[in-house]
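K.L.:
What follows is the residue order along each chain.
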Amino acid sequence: MKAVSLTGISKTYTIGALARRKVEALKGVDLSVEPGQIFGLLGPNGAGKTTLVKIILGIVHPSQGNGVVLNHPIGSTTMLERCGYLPENHRFPLFLTARDTLLFFGRLSGINELSLKHKIDSLLDLVGLKDWKRVRIKRFSKGMLQRLGLAQALINDPQILFLDEPTDGVDPIGRKEIRDILIDLKKQGKTIFLNSHMLSEVESISDRVAILNKGEIVKIGTVEEITRAGKEFLVHVDPTVSIELLERVLQELPSARRENSSFVIPANDLKELNRSIDILRSHRIMIVSVTSVRSTLEESFIQLIKSETAQ
Amino acid sequence: MRFIGMVRYTLNETLRKGTLLFYAAIGFIIVLFFAFGLSRSPSSPNAIMIFGRQFTESPSESISIIDFFLVMLHRQASSSMLLFGVFGVAGLIPSLLEKGTIEIFLSKPLNRSLLLFARSLGATLAIAMNIIGFTFAVWLVIGLRLGDWNWGFLWSGFLSAYSFACFFSIITFIGLTTRSTGISVMLAFMFALISTGLELRETGLYLLWENGLYHRMLDVLYYCTPQLEGMSRSATAMIAALPISTFPTQFQVAPFVFSLASSIGWYGLSAWYFSRQDF
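Taken in sequence, the protein lines are chains A and B.
Position 139 of the first sequence, counted from 1, bears residue number 139 in this note's numbering, the numbering being contiguous throughout.
Position 47 of the second sequence, counted from 1, bears residue number 47 in this note's numbering, the numbering being contiguous throughout.
Read the hints as simulated data drawn from the structure, not as lab findings.
Hints may be right or wrong, so weigh each one.
To spell it out: a stretch of chain B is covered by chain A in this simulated footprint if at least three of its residues, at any positions, have a beta carbon under 8 Å from a beta carbon of chain A; those stretches are [as the list claims (entries may be wrong)]:
id : segment
1  : 97-105
2  : 108-122
3  : 271-279
DSS-like, lysine-lysine: derived pairs with alpha carbons at most 30 Å apart [to be verified]:
id : chain 1 : residue 1 : chain 2 : residue 2
4  : B       : K99       : A       : K22
5  : B       : K17       : A       : K138
6  : A       : K214      : B       : K99
7  : A       : K119      : B       : K17
8  : A       : K117      : B       : K17
9  : A       : K130      : B       : K99
10 : A       : K2        : A       : K187
11 : B       : K99       : A       : K117
12 : B       : K17       : A       : K142
13 : B       : K99       : A       : K119
14 : A       : K187      : B       : K17
15 : A       : K130      : B       : K17
16 : A       : K133      : B       : K99
17 : B       : K17       : A       : K176
18 : B       : K17       : A       : K133
A virtual CB, placed ideally from N, CA and C, is assigned to each residue, including glycine.
Same shape as in the complex, but just chain A (with noise of 0.2 Å):
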């Protein structure tokens, strides 16, 4: 059983009273994310990140596809029964206190009333809240509210958590204690789907990660396999051979870059890299090391963004 399999999700919004605009949100999104792991979506603003998880939700209609999230349709109320959402930008109701929100979600997603008192009271604890439960929400800052809205999508108990940019307004303490409540609900089987901008939050705890942009997801992998999509090798020679040498090397090698007395060397496999190293070589030059460089998922989003935006 897949935490989430969506197939051919569109969604076509219009735009405009009388000049009926149409804008593609989504373009047939495949998708599938396996319980018990961490799943990160990106992409650039207005890529269609969020319309997908309303969509999963049912808090927007897909104009086509269709999905389950741990087998059953999606939107539908058994489905919600098991999941926990925390939007971005949320607004709780300024007049309610920590505990008064938690209870009225609480309610509102159907347990029963003794058995969500204990639960607040452990949730509270677990976002570092537990001191203000009885003071009203108007008085939180951002990151509060985060931490409020973490504990609201928790409060069910749920198997999936949908997560839109939860470290918004956090601070880097915050955000740390964020990663690692995440984590630890990881190792209690709970699946989490993750929206975020912070490419190396998402980085350091997802198991899958993808890429979607203008509606369409361009690469979906394990992060290992998202950041070696550009591979490069960084090839140290000599610091004593001269400048002019490297640089007329350089002219042979037209896809490499050098950096003081390295080259970075882009190659598909090793018998390209070797090609480069036997023109090296040619010219007499040392080597000194060989080391694969691994760009960061930051690096391989921007390329990969700016290569799809240049097709």
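Once you have looked at the hints, place chain B on chain A.
P.N.:
Below, chain B without anything else, positioned relative to chain A:
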């Protein structure tokens, strides 16, 4: 449980806003005013005294001064309820639909129609508590002070609450389609005015244009929307029969039945519209 939770939340939200508490406070002052100032005139059994000032005038011999006083009170209270009630609760639907709020509500396992209905019920209950509470208090004070226990007046409180519930079906639809508190309030007032005009269409709006199609259109509009004025006039007949030709002399159930049917229609339309919306 989920449905009741939403109703309780809406009631709580309405009361926390303070608008309805303010109305309740004004109602309480009016009740106190009657409690301390109202009495029967010692000189005439058909006169009442308000802070020493005697009132004997009734528009007709067929209606006592107390009944006339209660009828006027009912008319004032029901029209004030429509006026001020709109201010108190018209924003509840647009506030539910605000970005960042609606997403959380829709992610909970509660059917959209039930969510909307629970919200409307909560708003209606808040107004009903106000109007029924006020009517009961006035009924009690008048009964104790004047010895006149007009049960029709007591019932008129419940009928006013029923009337507001029907009215809220229109407010719900307006709130859903405009998603704006300001526009909702404005259009709700406009509808209340139109409703009064439609009740008197035979003696008013019909005369503007002698065209059969126009008359039928007014009729359709009248029967497709809650008959606020019709219900208020009918409730008046429960208190006393007014010697005015446009007021019924007996309680008429028709405006309540037609209003219920049209309200179900409006709620149904709102639920259908809500279920198709993307947020």
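K.L.:
Look at each hint and say if it fits the structure.
P.N.:
Tested hints:
| no. | hint | verdict |
| --- | --- | --- |
| 1 | 97-105 | holds (count 8) |
| 2 | 108-122 | holds (count 4) |
| 3 | 271-279 | holds (count 3) |
| 4 | K99(B) x K22(A) | holds (22 Å) |
| 5 | K17(B) x K138(A) | holds (14 Å) |
| 6 | K214(A) x K99(B) | holds (23 Å) |
| 7 | K119(A) x K17(B) | holds (29 Å) |
| 8 | K117(A) x K17(B) | holds (26 Å) |
| 9 | K130(A) x K99(B) | holds (28 Å) |
| 10 | K2(A) x K187(A) | holds (17 Å) |
| 11 | K99(B) x K117(A) | holds (29 Å) |
| 12 | K17(B) x K142(A) | holds (23 Å) |
| 13 | K99(B) x K119(A) | holds (28 Å) |
| 14 | K187(A) x K17(B) | violated (43 Å) |
| 15 | K130(A) x K17(B) | holds (27 Å) |
| 16 | K133(A) x K99(B) | holds (25 Å) |
| 17 | K17(B) x K176(A) | violated (37 Å) |
| 18 | K17(B) x K133(A) | holds (22 Å) |
Going through the hint list in order, the structure does not satisfy hints 14 and 17.
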